Amino acid sequence: MHPDLRYLSVLIVAAAMWSGAAHSTDLRAAILANPCAGCHGMDGVSPGTIPSINQLSADAIVAALKAFKSGERPGTVMDRIAKGYTDEEIQRIADYFQSLKK
Amino acid sequence: MTNFSRREFLKYAGALSALSAFGCASMGGASGPRIVVIGGGFGGATCAKYLRKLAGPTVGITLIEKNSSYVTCPFSNTVIGGLRSIDTITHNYETLAKKYNIEVVFDTVTGIDATSKTVTLQGGKTLAYERAVISPGIDFKWGAIEGYDEAASETLPHAWKAGTQTVLLRKQLEAMADGGVVLIAAPPDPFRCPPGPYERASLIANYLKQSKPKSKIVILDAKDKFSKQPLFQDAWDNLYPGMIEWVPGSQGGKVTRADVKEMTLYVDNSAHKGDVINVIPAQKAGALAHSAGLANESGWCPVDPRTFESKVHKNIHVIGDACLGGKMPKSGYAAHSQAKVCAAQIAAMLIGQPPVDPSWINTCYSLIAPDYGITVAAVYRATADGIVDVQGAGGVSPREAPKSVRQAEAIYAEGWYKSVTADAFS
Numbered sequence: 001m002h003p004d005l006r007y008l009s010v011l012i013v014a015a016a017m018w019s020g021a022a023h024s025t026d027l028r029a030a031i032l033a034n035p036c037a038g039c040h041g042m043d044g045v046s047p048g049t050i051p052s053i054n055q056l057s058a059d060a061i062v063a064a065l066k067a068f069k070s071g072e073r074p075g076t077v078m079d080r081i082a083k084g085y086t087d088e089e090i091q092r093i094a095d096y097f098q099s100l101k102k
Numbered sequence: 001m002t003n004f005s006r007r008e009f010l011k012y013a014g015a016l017s018a019l020s021a022f023g024c025a026s027m028g029g030a031s032g033p034r035i036v037v038i039g040g041g042f043g044g045a046t047c048a049k050y051l052r053k054l055a056g057p058t059v060g061i062t063l064i065e066k067n068s069s070y071v072t073c074p075f076s077n078t079v080i081g082g083l084r085s086i087d088t089i090t091h092n093y094e095t096l097a098k099k100y101n102i103e104v105v106f107d108t109v110t111g112i113d114a115t116s117k118t119v120t121l122q123g124g125k126t127l128a129y130e131r132a133v134i135s136p137g138i139d140f141k142w143g144a145i146e147g148y149d150e151a152a153s154e155t156l157p158h159a160w161k162a163g164t165q166t167v168l169l170r171k172q173l174e175a176m177a178d179g180g181v182v183l184i185a186a187p188p189d190p191f192r193c194p195p196g197p198y199e200r201a202s203l204i205a206n207y208l209k210q211s212k213p214k215s216k217i218v219i220l221d222a223k224d225k226f227s228k229q230p231l232f233q234d235a236w237d238n239l240y241p242g243m244i245e246w247v248p249g250s251q252g253g254k255v256t257r258a259d260v261k262e263m264t265l266y267v268d269n270s271a272h273k274g275d276v277i278n279v280i281p282a283q284k285a286g287a288l289a290h291s292a293g294l295a296n297e298s299g300w301c302p303v304d305p306r307t308f309e310s311k312v313h314k315n316i317h318v319i320g321d322a323c324l325g326g327k328m329p330k331s332g333y334a335a336h337s338q339a340k341v342c343a344a345q346i347a348a349m350l351i352g353q354p355p356v357d358p359s360w361i362n363t364c365y366s367l368i369a370p371d372y373g374i375t376v377a378a379v380y381r382a383t384a385d386g387i388v389d390v391q392g393a394g395g396v397s398p399r400e401a402p403k404s405v406r407q408a409e410a411i412y413a414e415g416w417y418k419s420v421t422a423d424a425f426s
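Listed in order, the protein sequences are those of chains Z and W. Numbers 1 to 102, taken from my numbering, label the letters of the first sequence in order. Numbers 1 to 426, taken from my numbering, label the letters of the second sequence in order.
There may be inaccurate statements among the hints.
Pulled a few chain W residues facing chain Z out of the computed Cβ check, cut under 7 Å [stated by the list, open to error]:
#, residue
1, Met-263
2, Ala-377
3, Ile-411
4, Trp-416
5, Lys-418
6, Asp-423
Beta-carbon label-pair distances, calculated as ranges [claimed, not checked]:
#, chain 1, residue 1, chain 2, residue 2, range
7, Z, Asp-26, W, Ser-68, 30 to 38 Å
8, W, Glu-146, Z, Ala-60, 27 to 35 Å
9, W, Ser-68, Z, Asp-87, 43 to 51 Å
10, W, Asp-149, Z, Asp-87, 41 to 49 Å
11, Z, Gly-75, W, Thr-88, 25 to 33 Å
12, Z, Asp-26, W, Ala-97, 25 to 33 Å
13, Z, Gln-55, W, Glu-146, 53 to 61 Å
14, W, Gly-143, Z, Ala-60, 35 to 43 Å
Note that these hints are calculated values from the structure, not bench results. Treat the numbers as computed from the prediction; the structure is a model and nothing was measured. Ideal Cβ positions, reconstructed from N, Cα and C, are used throughout, including at glycine.
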């Protein structure tokens, strides 16, 4: 869904439910994945020279991060960053970006 | 709420008309609790935006900032080095206001009352908050170098808050004759952007090499070591041989006095005359942190490492350069990363949930030439000892690397700037 529509849908549903601040974002997953946006763009959509990651499948993100982590895939900075995450966290980050596509 | 199908969207589309009846979508008309964010830099702007993304549409979000536009410190060295114009690093708050329904107020905060949970503005308004987030950045310890005060910075620019000071330093470099001496006084730790003074020396050297090759740069440093030091010094030897001299603090680098009329910096009794002089003073948390009583004797603000809630005043969070963020450096990216965590924790607290286990990333790119970039990166966690970097991860670019790697990091530096500013401001 287009990001604007997604935002609007959140707005409408929350208003319809009279739900105050309640919402269903997985905050732990968001906290793990949000720093990615600093380089890869908000929700993984890069406006510049760093690759976007929003179109990658969850499996592709897991494979890439694990390959950077093990050193199998060379990187400029991702090899250093991927080493900071457990395999379980890598999966949650991948699932988070996957969830943005629906 | 992001896993939402188009069909569900249409199902709820009928609520659209009801929405306008609530007035939720109108500026400042939120029905829920109000979060007041003070300071519109990487910390404040990002926090306001991510509060909207993470805390939902009914939370009222007010962003208070003195200036109607923001000039980033990241990439300001490219303006000083003549690679970019100042307008390319200037951002505004229009998207935050329109797309994210954030009430942006251009005013100066005159007081924060932690008991009544109110913020007063110079313009006369008083705003009530459920929680406040302050991201006031840095202020300078004027007078730490004798003779160097705000008036002196009109002649010897600091250019450590970007804007008119950045342009002033650039103009002075343009006006300097070939064979001139550029002095940079680098500050003691802790300070904003640890690799910044050395990136600045690099990009000034890049300009001088092309336009005024007989000129020289002397860095008088209060410290004995600096961020990414071997990478910088290797590159200086390669790209700018004999052009940049670095004087460590214990070997006569610690500037004690500035004489504006004589265009001279003194290290005890030895004088260094400069044609252009950039003094980067010692730093402390921004003024508001002090007037609101949020800073301790260190000059910075102690905070809970998970939520950034002040250890002095409840319901006030301090993020960015002003906070004591453990091992995280005082960088735009760190502030940006802290802002997202702070927004997520506030979103949790607003619905009565405990804080989430946080993590952060910092990546600092430095340009040594337009096609030569280096980085330092780290992943951080909150522990009983505060925020620490994950061992075995992070670190600096390799010391031995082909040109292609330096070129790639320079290209990614540009990409980083585009992404991080878009993520914060649009």
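What are the numbers of the hints the structure violates, in ascending order? 1, 8, 10, 14
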